[in-house]
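Q: Here is what each chain is made of, one letter per residue.
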Amino acid sequence: MMSPGLLRYLVGRLVRALLTVVGLVTIVFLLVRLIPGDPVEAILGDQASPEEKAELRRALNLDRPVGEQYLSFLGDMADGSMGTSFRQPDRSVWSMAREVLPHTIVLALAALFVAWFVAIPLGAIAAANAGRGWDKVASTVAVAGLAIPNIWLGPLLILAFGVKLRWLPLPGDDLGGPEALILPAITIGTALAAILTRQTRAAMIEVLAQQYITAARARGVPSIPLLLRHALRNALLPVITIGAAQLGALLSGTVVTEKIFERPGLGTLFLDAFFARDIPVVQGCVLIIAVIYVVVNLAVDLAYGVIDPRVRLS
Amino acid sequence: MTRIRTRLRKTPIGLAIVIGFFVLGLIGPWIAPYDPLMIDLLHEYEPPSWTHLLGTGDNGIDILSALLHGARLAAIVGIVVVGVSVVFGTLLGTWAGYAGRLTDHAVTGVADLVQAFPAIVLNIAVLALVARPGLMHLILALAVNGWVLYARLARAETLALREREFVEAARALGVPTHEVLRRHVIPNLLGPLVIQATTGLGVVILAESTLSFLGLGPGKAVSWGALLDQGTSVLLRFPHVALFSGGAIALTVLGFNLTGDWLRDRLDPRLR
Chain A
1 MMSPGLLRYL VGRLVRALLT VVGLVTIVFL LVRLIPGDPV EAILGDQASP
51 EEKAELRRAL NLDRPVGEQY LSFLGDMADG SMGTSFRQPD RSVWSMAREV
101 LPHTIVLALA ALFVAWFVAI PLGAIAAANA GRGWDKVAST VAVAGLAIPN
151 IWLGPLLILA FGVKLRWLPL PGDDLGGPEA LILPAITIGT ALAAILTRQT
201 RAAMIEVLAQ QYITAARARG VPSIPLLLRH ALRNALLPVI TIGAAQLGAL
251 LSGTVVTEKI FERPGLGTLF LDAFFARDIP VVQGCVLIIA VIYVVVNLAV
301 DLAYGVIDPR VRLS
Chain B
315 MTRIRTRLRK TPIGLAIVIG FFVLGLIGPW IAPYDPLMID LLHEYEPPSW
365 THLLGTGDNG IDILSALLHG ARLAAIVGIV VVGVSVVFGT LLGTWAGYAG
415 RLTDHAVTGV ADLVQAFPAI VLNIAVLALV ARPGLMHLIL ALAVNGWVLY
465 ARLARAETLA LREREFVEAA RALGVPTHEV LRRHVIPNLL GPLVIQATTG
515 LGVVILAEST LSFLGLGPGK AVSWGALLDQ GTSVLLRFPH VALFSGGAIA
565 LTVLGFNLTG DWLRDRLDPR LR
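The listed protein sequences correspond, in order, to chains A and B. The first sequence begins at 1 in the working numbering and counts up by one. The second sequence begins at 315 in the working numbering and counts up by one.
Source of the hints: derived by calculation from the structure; they are not laboratory data. Just so it is clear, the structure is predicted and the values come from calculations on it, not from any experiment. Worth double-checking, as some hints may not be accurate.
What the hints assert, rightly or not - Label pairs and their in silico Cβ distance ranges:
no. : chain 1 : residue 1 : chain 2 : residue 2 : range
1   : A       : ALA245    : B       : GLY397    : 29 to 35 Å
2   : A       : GLU55     : B       : VAL548    : 38 to 44 Å
3   : A       : GLU179    : B       : HIS419    : 48 to 54 Å
4   : A       : ARG91     : B       : THR491    : 52 to 58 Å
Note that beta-carbon positions come from the ideal geometry of N, C-alpha and C, so glycine has one too.
Just chain B, with the same shape it has in the complex:
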């Protein structure tokens, strides 16, 4: 009993937030008390009450329900963008680091160029080219610069791994390159990649919120950022809309940051 309690106490807050976020993203739309798009003009911008725990917003929508639906959007965008970025970035980075020379210059050059743009400006520029940006466009726009971090990380780690004896031994034994990469290099990249991806999820969720806040989110979907945008426009009269929606974003980002730090301390022995 005491052991469980100490273990619980050691469970980092960040991880609890992250798990809570994913659970709500999964079941949120089912436990939401109202339809987040339900219009109820008689009860617009009501402060929190027992019927609407977090109050109501624009057109009388229930904020709690909107936040629960928004959690799903944030989770989907986060997972898909980070997933695509990790796979694409790792493959490119490992390839660049292992092949060296021209390949390395090409990949590093493109990565440098992408990073020479402020991320959000690049995202907006990509979305500007579509008539009605949808979920897929949003994901594409975020992945355009998402992969760079993972490519850099994979490249740097691969450069170091390439010189290690076990990789050299595999090569000397005549193991084909793709086998060397698959069996000896990539498995050793996983630790740093997991750490980076955890923090990266927070970054992507914040980027999605920011784009939705600016009015560039996917069409009709319920998004935290869009809710915060509505809340900001009525901030002076009905601050609760902005407080709750922004709070959800901030708490989630904090959770991912803390979990990333915690994982780094646990998984990266070099930092101990």
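If we strip away everything but chain A, and leave its shape as in the complex, we get:
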């Protein structure tokens, strides 16, 4: 049975997430109208005739009062179509996004697994050897991983594993197998791996200082099971949730990575729409990314609140 405290926490958190989404929608709407520059001119260029401009303005509802525009914009967002593309007037923005979204989500999840796969063992080893050789290796890896920009890491990985070693496919090769996912996932996941390595190390050091670890050691539990079963398990919760909370950041990393590796996805759709000044699609992509961001954070918070009762109090 759900306790009243938990229920209140869940409801409060849901309301806040909903408010954030409405706020985001409003900001997207306002940005289009507040930023200096006329979207109609941005789309048609300077040479367009006044008639063409007027027609596009009508098509975009830009000739109507702002309040009315806002309501119809909210309507488009709420009915799930998110408006229609300028370039393909017969298609809703959502139908375009839905086609490419799976590629992006798979890539972001793969990057998350890369980050966990590197960070958890490395952070645990570093904590177990705090101040010694392995710890220095881990902290160097973490600093380098944070400093290396993904716009450079991607090309470097292609050169090393695609061109020199020929282990993995090059950009533009057939995207059939999962091996095409490896380099893009590493490109996005490296920065997160660096952050999580530090987190794992810090969490493990804290756990290793606890009395039950000393007690287990005194009982003669060998060091490997001690690390894995007793310490890592308890240190892992924050690491996993922090990782999941970064899924939104990973999604934005896909914008760059999809370009480098010439992959289809939400980022590619977003960039193409940007260059074509297809504003409904730009708005839609921003909104989808923002909603994923909010939903993932909400899910992580809720899971955390269910698992750890202390969270609900704050």
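Based on these hints, arrange chain B on the given structure of chain A.
A: Here is chain B on its own, set in the frame of chain A:
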């Protein structure tokens, strides 16, 4: 002599990189051996040689010269964006933290909203609304989310400072609010702000490179990111273009990160 040498050895690498970056940003265009836009189609994509120390790129431009000019753009964008963000963010954050209540809710609410967008997506969305994004638009786009970090930091520090005795004493003496903020609160914020701004410079320079890499940079300007973009498109045949331009970005970001960490260790006594 030995003292100078020990001191030199203790000078952090990060700081050396940062100083080198700013010096090159200042004098780079003057010491550049070629015009970075000079077209020389007979010598396109040549590997490094004595005439072109880092080789040539698209249309035969000299990469070293392009990097030196790009350093200036990166430095200008970094300094202006961080400057605007620090001033704007500090004022808002201090105000929110000190006034509390509705002001605080409003500022924190907007900051939360901005942070609910992935930064780069917000930047691109802002740039999408201009026909031909120029330097000013790029700076504006980066400042739209740049201020949030400083506002949060200033707010948190102000909340703590507000309860301190010397601030309370000033208030009890009838010092007007703006005076309290100017003389007692803001000076105490400077340390954490400097640390944050140092790391922030690296973040902004990387963001500028990333936007230029995506093709959203300011028009004709020579940018590291745009050079890396060209390098990536010929990566399989002429890797040196991407290696050098990306290396410049990575080294600069690393420099700012290391300097930020170093400053934090030195300036923040709580961490000692």
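Q: Indicate, hint by hint, whether the structure satisfies it.
A: Taking the hints in turn, this is what the structure says about them:
| no. | hint | result |
| --- | --- | --- |
| 1 | A:ALA245 to B:GLY397: 29 to 35 Å | holds (31 Å) |
| 2 | A:GLU55 to B:VAL548: 38 to 44 Å | holds (42 Å) |
| 3 | A:GLU179 to B:HIS419: 48 to 54 Å | holds (50 Å) |
| 4 | A:ARG91 to B:THR491: 52 to 58 Å | holds (55 Å) |
No hint from the list above goes unmet by this structure.
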